[in-house]
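Got chain R sorted already, so can you dock chains F and L onto it with the hints?
Chain residues, written in single-letter form:
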Amino acid sequence: MSKIFALAGVVIKELYRRKDFYVLFVLTALLTLGAGMVNFFHDDKIVRYVKDICLLLIWVSALVISVVTTARQIPAEREARTIFPLLAKPVSRAQVIAGKFLGCWLATGVALIVFYFFFAIVTGSKEHFWPWAAYLEAVWMHWVMLGVVIAMVLLGSIYFAAPSSTSTITIIVVGGILLLGTHLKIIALQQPEPMQFILTLFYFVMPHLEWYDLRDFVVYDMGLVPVGAVLLATVYAAAWTGIFLLLAWFGFRRKNLTT
Amino acid sequence: MTAILQTQKLRVEYRSRDFRQGNKVALNGLDLEVHAGEVFGFLGPNGAGKTTTMNVLLGFVPPSSGAASLFGIDVRQPIARQRIGYLPELTYYYKFLTAEELLRFYAKIFGLTRAETDKRIAELLKLVELEHAAKRPIKSYSKGMQQRVGLAQSLINNPDLLILDEPTSGLDPLGRMKVREIIQRLKEQGKTVFFSSHELGEVEAICDRVAILHQGDLKAIGTVAEVSAGSNNLEQAFLKIVGYQPSSVS
Amino acid sequence: MLAVLIAIVFTLSAKLALPADNWSGRAQSDNVFGMMFGDGRKLFANHFFTMADVYFHSGYYPSVFDQRATEEKEIISASHGHKDSEEDEKNEDFLGKPKDWVDAFGRNFRITQHTHLENHNEREILPWLRLAADLDPQKTEIYTVGAFFLREHLNRADQAEAFLREGLRNNPDSYEILFELGRVYHDAYHDLDRARNVWQLGLKKYVAAPADQQKEDKLIFEELAVNLARLEDEAGNYGASIDWFHAAQKVSPAPDALQKQINDIQKKMAALIPVTPGKLY
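Residue numbers (the working numbering), protein chains in the order written: chain R, 1 to 259; chain F, 1 to 250; chain L, 1 to 281.
Looking at chain R on its own, in the form it has when it is part of the complex:
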């Protein structure tokens, strides 16, 4: 386990020594503060649109950070050939996959905490109300969802040599699931066969990442999602994460790294 944590530590160091996170955070902060400073009809109590915009930016930024960071882990190690002195140590390829996953996930978690803390400060300063439980629940679900995404990206990075390919494909897939996942069954029912069957099959088989988007609950102050549902969703995400990591390990373990 210490080897996995050691590998994760290197990933985290890399994230905070690169500029991606800072650029996205500053951008999110500037846009949120800008949105918050605009005065609509001389009413300074209006806050929901700020929450909406800020949370959208957080979701986009966190997705970019997690996907881009993860997509380059294995390919960059291969390209820079740092994978060789690493694998010459008593570490298995499974541990490398696990360490990379843990590092990316923890790094994304740190980024999420910073983003959401900023969000809480900005919106709390307007509405003088901090539903910490709701925020924590939203952060947890968001983080858990990104775990699935990171595992998916790691799997893709084993098979696609270029990080840009992995990033693009993952962002499209994840974006599609988030936007259409809830409605896929309705869309399927409106299609002729065999498309109806294919879409229905995909609807049941795909990871339902849209469950983890609790932005509406935060924006509209709808309180907490039942704890049981959150726990089940966490287990569901853990299962999908495990599946993607297992497949990534299968692909990585026999890969000839010298070509």
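Careful, some of the hints might be misleading.
Unchecked claim - Just so you have them, the derived chain L footprint on chain R, three or more residues with Cβ under 8 angstroms: (1) 45 to 55; (2) 185 to 197; (3) 212 to 224.
Said to hold, decoys possible - Derived BS3-like pairs: lysine-lysine, alpha-carbon spacing no greater than 30 angstroms straight-line: (4) F/Lys139 <-> R/Lys255; (5) F/Lys143 <-> R/Lys19; (6) F/Lys9 <-> F/Lys108; (7) R/Lys3 <-> F/Lys240; (8) R/Lys3 <-> F/Lys9.
Because the hints were derived from the structure by calculation, they are not lab data. For every residue, glycine included, the Cβ atom is placed at its ideal position computed from N, Cα and C.
Frame of chain R, contents of chains F and L only:
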């Protein structure tokens, strides 16, 4: 004598990029043994299979057939690498880490305690003369400094077997001397050193035994004297073994 | 060769200069969104207007896929001769029963309660209306909806008036905006004279509108006429009030209800000295 490093009928085939050529055989049934406490030179022209052999020993490439073991453990097990150190030919380390962070990271992989790690890092940075630059990121290092970091990381776990891939490649004479001194010191400590090199003069000076590989086949193995028998020196013996014919100038 | 190329370039640029000027003239707009997005801004305006509605319903809102499914259901139902009552349509839950376990579980993470913003929280829809108005100043509904909430729910009659006046600058012939402006003067400021002037102007604009547009907007005509009738009733101008109610009856789907109001006024008149009937319009 105990074989620290052993290959048995080791065969590695690659799929050729040109499908008409079929599979390319990089290693053709290599039988090799390196004993404890030896300094073993692994020689051959480019494309002979030296790097492939090392890649198999280090677990980078699976063998097509045959077996390879380190300390009696199959090389496919990560634990086989617990007691080895590896220095690649070119420097491949995380540029965003400092030398100290890199060594600390590898020490954790080996499972060294904090106290052991601190002690080893201090010793190694002194040995490779990088104490002044330990807290700078590796991307700010010169080539020579990066080579020295590589040497330090290969010794972090105080290995019983050191695998060096062209250790003096790209080094100036002072650097080469330093590497030779380190190899000599390791030998005196009873460590085993297995290295590939094109510097036959160096090999002749420090190796106990050598093996010569050519086109995936083991052509010669033995002490330097045994391999050089019938030739003036190791270089001539090498050229004869690999079938070098000097071109006539008319 | 170079000289020939230069000559061709100068000739082409002289020929194309005039069409280029005309084209850029057509694209000129004093609205920055118009310059940035062109006609695409209307799509964004519609989206933001819908966002205001989403906010009003606190996130409980059908997606385009839910709306399409509902439309298809209605078409199929109508083709079979079934017509849901208005009440059923109002109460219809677009979500319906969960379609499967995925949908059922997923509803834990969606807003499934139909609520409306209240207690001054209606302010939250204003940014989207503001953005929508900036993107599509010709969409009069944005101004009337915004003004309604500002006046009725947020007690910001001054802001409602300013918003409507902005709408009028962009849509000088809009009788809907004039109607809403009249409501500000009447309901908020209790200024009967200004309200009358504005509503009468609204009716003038309506009459001047093309016939097919008038046909579509009969409801607004009725609203204007009825409100003028009530205003005149308030002012004690019973004759004018009755005239306005009669005008409204011509287009109203509930003329009997209006007749009842006419009867009430006539009773009041009977108790007073008759007043001179006012001009209609």
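### Task
Verify the proposed pairing of F/Lys143 with R/Lys19, using a straight-line Cα cut of 30 angstroms.
26 angstroms, holds
### Coverage criterion applied to the stretch 212 to 224 of chain R (partner chain L; beta-carbon cut 8 angstroms; 3 residues)
holds (count 8)
### Straight-line alpha-carbon gap R/Lys3 to F/Lys9, limit 30 angstroms
33 angstroms, violated
### Message
Run the distance test for F/Lys139 versus R/Lys255: straight-line Cα separation, threshold 30 angstroms.
### Response
Holds, because 28 angstroms separates the two Cα atoms, which is no more than 30 angstroms.
### Claimed coverage, the stretch 185 to 197 of chain R by chain L - three or more beta carbons nearer than 8 angstroms
holds (count 5)
### Query
Taken at face value, is the distance from the CA of F/Lys240 to the CA of R/Lys3 at most 30 angstroms?
48 angstroms, violated
### Message
F/Lys9 and F/Lys108 were given as a pair; does the straight-line alpha-carbon distance stay at or below 30 angstroms?
### Response
35 angstroms, violated
### Task
Confirm or reject the coverage of the stretch 45 to 55 of chain R by chain L under the rule of 3 or more residues with a beta carbon closer than 8 angstroms to the chain's beta carbons.
Contact hint for the stretch 45 to 55 of chain R vs chain L: holds, 5 residues under 8 angstroms.
Checked against the numbered hints above, the structure breaks hints 6, 7, 8 and satisfies the rest.
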